[in-house]
Amino acid sequence: MTATLQKARRVEMPPVSGGMEHEGPSRFRLAVRAYVRDKAAVVALIVLVLVVLAAMLAPFLTPYSPTEGSASERLQGIGTPGHPLGLDGQGRDVLSRILYGGRNSLVAGVVPVVVVFPIALTIGLLAGYAKGRVGEVLMRILDVIFAFPLVLLAIAIAAVFGAGLGNVMIAVGITLVPYLARVAYTATVQETGKDYVEAARAAGATVPQILWRELLPNVVSPLVVYATTLCGLTIVVTAGLSFLGIGVVPPTPDWGIMTSDGGKVLLEGYVYLAAIPGTVILIVSLAFNLIGDGLRDALDPRKQTS
Amino acid sequence: MTALITRRVVSTLLVLLGVSVVVFLLVQLVPGDPARVILGQNATPAAIAEVRQALGLDKPIVVQFMDYLGGLLRGDLGTSLIVNSPVIDIVLPRFMNTLILAGAALIICVGVGVPLGLLAAKKQYSVFDRASMFISMTGASVPVYWMALLLIGFFGLTLGWFPTSGMYDSREPGGLPDLLLHLVLPAVAAALVPLAVIARMTRSVTLEVLEQDYVRTLRASGLPESTILWRHALRNALPQIVTVIGLQVGYLLGGVIFVEVVFGWPGLGGQLYTSISQRDMPTIQAGVLFIAVVFVAVNLLADISVGVLDPRSRKQAVA
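Protein chains in written order, with full-length UniProt numbering: chain A, 1 to 306; chain B, 1 to 319.
Just so you know, the hints here were simulated from the structure itself, not pulled from any lab data.
Some hints here could point you the wrong way.
Restraint-style ranges between C-beta atoms, simulated for each label pair [unchecked claim]: (1) A:I119 with B:V63: 30 to 36 Å; (2) A:D300 with B:G71: 49 to 55 Å; (3) A:E73 with B:G71: 52 to 58 Å; (4) B:V127 with A:V207: 38 to 44 Å; (5) B:A46 with A:E73: 53 to 59 Å; (6) A:I119 with B:R171: 28 to 34 Å.
These numbers were taken from a predicted model, which means no experiment stands behind them.
For every residue, glycine included, the Cβ atom is placed at its ideal position computed from N, Cα and C.
Take the sequences, apply the hints, and build the full model.
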């Protein structure tokens with residue numbers, strides 16, 4: 001009776017796509033289908049792809065240099081002929097600086113997460129599988145790192161290394177290791193307790209086999225979701241380090257530096273110069289967060305419907 | 001309850017010990033020999049050896065750390081490389097100013113974020129719920145330095161309602177009312193991001209509680225929805241909300257650093273910014289240490305409050 005009711009309910013649900021129910025779609029396809037259903041996540045992905053393309057194709061999209069301007073034309077507002085986003089305090093085209101700046105800001109925000117990802121994954125897997133003393137010691141060390149607000153630790157390490165795109169990425173990367181490792185650790189501990197791991201062990205699988213073949217696929221998904229959301233944060237943080245003068249070095253264009261430059265002429269009434277780059281940072285950060293949310297639901301088997 | 005507090009305090013002390021190790025190691029990360037950094041590239045080996053000895057750099061690293069820790073416990077944080085006065089004298093007054101700003105921001109976060117999340121949960125899927133959750137989703141992505149500049153631009157310049165910089169009027173400082181007037185914009189700027197996260201988390205925690213069986217029983221017994229929310233659901237959601245608030249203080253303190261720089265607020269963040277540009281390591285260390293200690297202390301308080309609010313967590317903690 002209950003089973004029939006459930007079936008009836010399932011029939012009432014609007015079909016997601018036609019005629020695929022009995023073909024046993026792959027996990028990947030299920031995830032894609034679940035992701036596509038989240039409109040906000042789809043829009044966010046499109047926006048992010050466009051921003052990345054715009055940054056990559058900057059030389060084809062704007063004829064102006066991002067670093068050289070003419071002093072005679074400084075501080076022209078939005079809508080100036082030939083310069084849709086105006087000119088900054090040094091007479092540089094704001095749109096060009098946004099486009100070229102995207103290269104540095106996106107790289108500085110995303111590369112640390114990508115580079116640290118496998119390191120943190122390995123730490124989390126090993127410590128999570130070993131549990132006991134090793135896991136305990138690791139978690140106590142992480143507790144100490146978590147005593148520092150993320151931004152503060154990034155600032156402190158960046159301050160020690162000195163300014164520069166590479167140094168900022170190192171500083172932020174180091175800061176992120178414990179955050180990602182903790183997620184991988186928690187996921188590993190949860191998975192280790194499950195039957196399939198026990199079954200693999202009983203079947204005589206070696207520890208590396210259990211770690212990399214059995215546990216890894218199940219630990220990676222929550223970590224990918226978290227890393228995506230984390231990119232939304234690192235974009236803001238790395239631009240913030242540039243804003244403070246311990247990130248990308250001027251005159252290299254960067255959204256954080258542009259916000260800081262805009263701040264310098266803010267009191268003269270030129271609010272748009274700070275407003276524009278900050279808005280771009282906000283949009284990209286929000287896009288990463290929405291994509292992360294979408295991925296979380298897409299990779300959650302309970303929310304996938306075939 | 002005493003057992004819980006003792007355990008928490010002991011583990012907090014261990015964390016603080018670890019924090020002091022990290023802060024001490026920061027200096028070790030500085031590329032190159034600190035003595036050479038101080039004296040410049042053309043210093044003679046003899047002069048460098050002398051400075052190394054004066055700074056204790058010739059001792060083994062463990063001894064250096066013990067010296068540093070001993071200094072910390074006596075309130076000696078070293079001497080500034082720039083102003084030649086004890087770091088503690090520079091940092092302590094600024095620490096108080098940071099507490100004022102962070103405290104005001106925290107009041108805004110909790111005072112607005114928690115009720116917002118509760119109301120959104122109460123009216124789940126309503127226009128209010130969707131609107132407030134969209135705003136708080138966006139709010140959580142806002143770069144705080146940008147928000148600070150926009151607040152200055154709009155409320156400081158365009159409307160002229162609030163002063164745009166400092167803690168008191170520089171020409172005629174006017175006591176508490178003057179301070180409060182200067183506090184509004186920086187506190188709002190620093191509060192925004194954690195407020196957004198607190199509102200979202202409050203909503204999801206409350207929704208979880210509202211889905212539990214005992215709430216259904218309360219509804220069935222005919223209690224009005226608002227009584228269920230404020231008297232019964234809130235009580236069960238509160239421990240989790242307090243934990244979230246404790247963790248969000250980290251973001252709040254991180255944001256405060258930027259806000260102080262933008263608003264010229266004479267606190268630890270502003271000092272950190274100045275010291276970094278001067279490469280004044282002892283002062284940087286002290287600033288980082290103080291901010292971390294505040295964060296640790298807040299989380300200790302949050303942990304203990306959770307123990308008070310939720311008897312179940314007490315049992316878990318002792319077991």
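Quick rundown of the hints versus the structure:
1. In this structure, A:I119 and B:V63 meet the distance hint of 30 to 36 Å, their C-beta atoms being roughly 32 Å apart.
2. For the hinted restraint 49 to 55 Å between A:D300 and B:G71, the CB-CB distance of approximately 51 Å keeps it satisfied.
3. Between A:E73 and B:G71, the C-beta spacing of about 55 Å keeps the proposed range 52 to 58 Å intact.
4. Take B:V127 and A:V207: their Cβ atoms lie about 54 Å apart, and the range 38 to 44 Å is violated.
5. Between B:A46 and A:E73 the C-beta distance comes to about 56 Å, which sits within the given range of 53 to 59 Å.
6. One distance hint, 28 to 34 Å for the beta-carbon pair A:I119 and B:R171, is violated here, with the actual separation near 54 Å.
In summary, the structure is inconsistent with hints 4 and 6 from the numbered list given earlier, while agreeing with the others.
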